[in-house]
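Dock chain B against the given chain A, drawing on the hints supplied.
As they're listed, the protein sequences go chains A and B. Numbering (full-length UniProt numbering) for the first sequence: 1 to 225. Numbering (full-length UniProt numbering) for the second sequence: 1 to 225.
If you are wondering where the hints come from, they were derived from the structure by calculation, not from laboratory data.
Straight-line Cα separation of at most 25 Å, DMTMM-like style, residue types lysine to aspartate or glutamate; simulated pairs: (1) A:Lys-125 with B:Asp-180; (2) A:Lys-125 with A:Asp-161; (3) B:Lys-125 with B:Asp-31; (4) A:Lys-125 with A:Glu-58; (5) A:Lys-168 with A:Asp-8; (6) A:Lys-125 with A:Asp-79; (7) A:Lys-125 with A:Glu-164; (8) A:Lys-168 with B:Glu-151; (9) A:Lys-168 with A:Glu-58; (10) B:Lys-125 with B:Asp-161; (11) B:Lys-125 with B:Glu-151; (12) B:Lys-125 with B:Asp-149; (13) B:Lys-125 with A:Asp-177; (14) A:Lys-168 with B:Glu-32; (15) A:Lys-125 with A:Glu-151; (16) B:Lys-125 with B:Glu-58; (17) A:Lys-168 with A:Asp-92; (18) A:Lys-125 with B:Asp-177; (19) A:Lys-125 with A:Asp-149; (20) B:Lys-125 with A:Asp-180; (21) A:Lys-168 with B:Asp-43.
2 protein chains.
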Amino acid sequence: MGTYPTTDRTIPTRSRERASYDRALVHSVLDEGYVCHLGFVRDGAPVVLPTLYARVGERLYVHGSTGSRPLRMAGAAPDPGLAVCVTVTLVDGLVLARSAFHHSINYRSVVVHGTARQVTDPAAKREALDALVDHVVPGRSADSRPANDRELAATAVLVIDLAEVSAKVRTGGPNDDDADLGLGHWAGVVPVRTVHGAPQPAADLDGAIAVPDYLTAPAGGTTAC
Amino acid sequence: MGTYPTTDRTIPTRSRERASYDRALVHSVLDEGYVCHLGFVRDGAPVVLPTLYARVGERLYVHGSTGSRPLRMAGAAPDPGLAVCVTVTLVDGLVLARSAFHHSINYRSVVVHGTARQVTDPAAKREALDALVDHVVPGRSADSRPANDRELAATAVLVIDLAEVSAKVRTGGPNDDDADLGLGHWAGVVPVRTVHGAPQPAADLDGAIAVPDYLTAPAGGTTAC
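For reference, chain A alone in the conformation it holds in the complex:
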């Protein structure tokens, strides 16, 4: 699939060896996470809000609600749109070194710079809504009532092209100084994972409705505990 072209702002000033522009890696990180942190500028100051997202090809759909600030600030095409930075971070481990200085975490992150525009076409909005639902719970959009026209109108979705994108990855154990290797402190990695617990039915759910298979089979990057 190749790589994303680099730009001045996708080349880090530090830890360049951890940066990657590989499309397959970027897609895998974006597909494993489902909460992004959406950054934009309001009255000259930065704002960072968590929200749900989904990737479809080289587009990122970000969920919002009509009336929310980033949505009101991002017009639909041909509006110039809203400059955004979307960041997704997956934590894989805590890295304990002999020295306090070399403590770190293992992680995979993706940073997307771009312009967000509102999705207004009803068909594109439906595609985005299905993608958002299926991204969090694969298979779910086919097992829920689709949005009606009123709900579609009340849903706001931003789209950002994946063009200026970078990933950053740290893996492996601690990088202690040679002089510290003889110290008596334990050193290594504590793995971190996100897991799903047993599904809890809604209080008003008909007891005859069983938990669907797509909730009992482990999916993308998570493990039943």
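Chain B only, in chain A's frame:
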């Protein structure tokens, strides 16, 4: 402990019933997470980077490295500092409704608006480094080699006062429309948790060094799986 005063930008335009300014709630969210998303403005565009942080009283320390962009942009007092937004998000569950439209997630998030300045005082830097290490692994700073002067000089820490702060929380089951309650779709919540796996010793660790107690006892918000 009371509440943080509200400002125009800490009052959400949507879902106001989910917003809170309670200091105890804000502190509990900040203390349970350890990765924040730091937003700042560079050349007029937003940048959002993941990094480690720790709370000490009403101060937030954010880890950086000398030479990184936000660090170079934030001077030490009396420099006016760098306008930042720091957001911490904890995901608690996936909310499955009968309708695609009412799908959601349960979460707790904190958004901090403020000004970041570099910590230059060596004693304050040591306090910050210890807090950062102990925040990720409680008890660890006392069981590792403290930073020496060279390492302290190579470490950059930003400090942000907790003054303009809000939390947002969603809990509970799906909020389906009454007309959808009879549909045959399963509805409810899938709990999401972050768990720690078994500690993996570094390849070069002396086999006689046992895993410390503070890694085997469950701590703050995480559960051994």
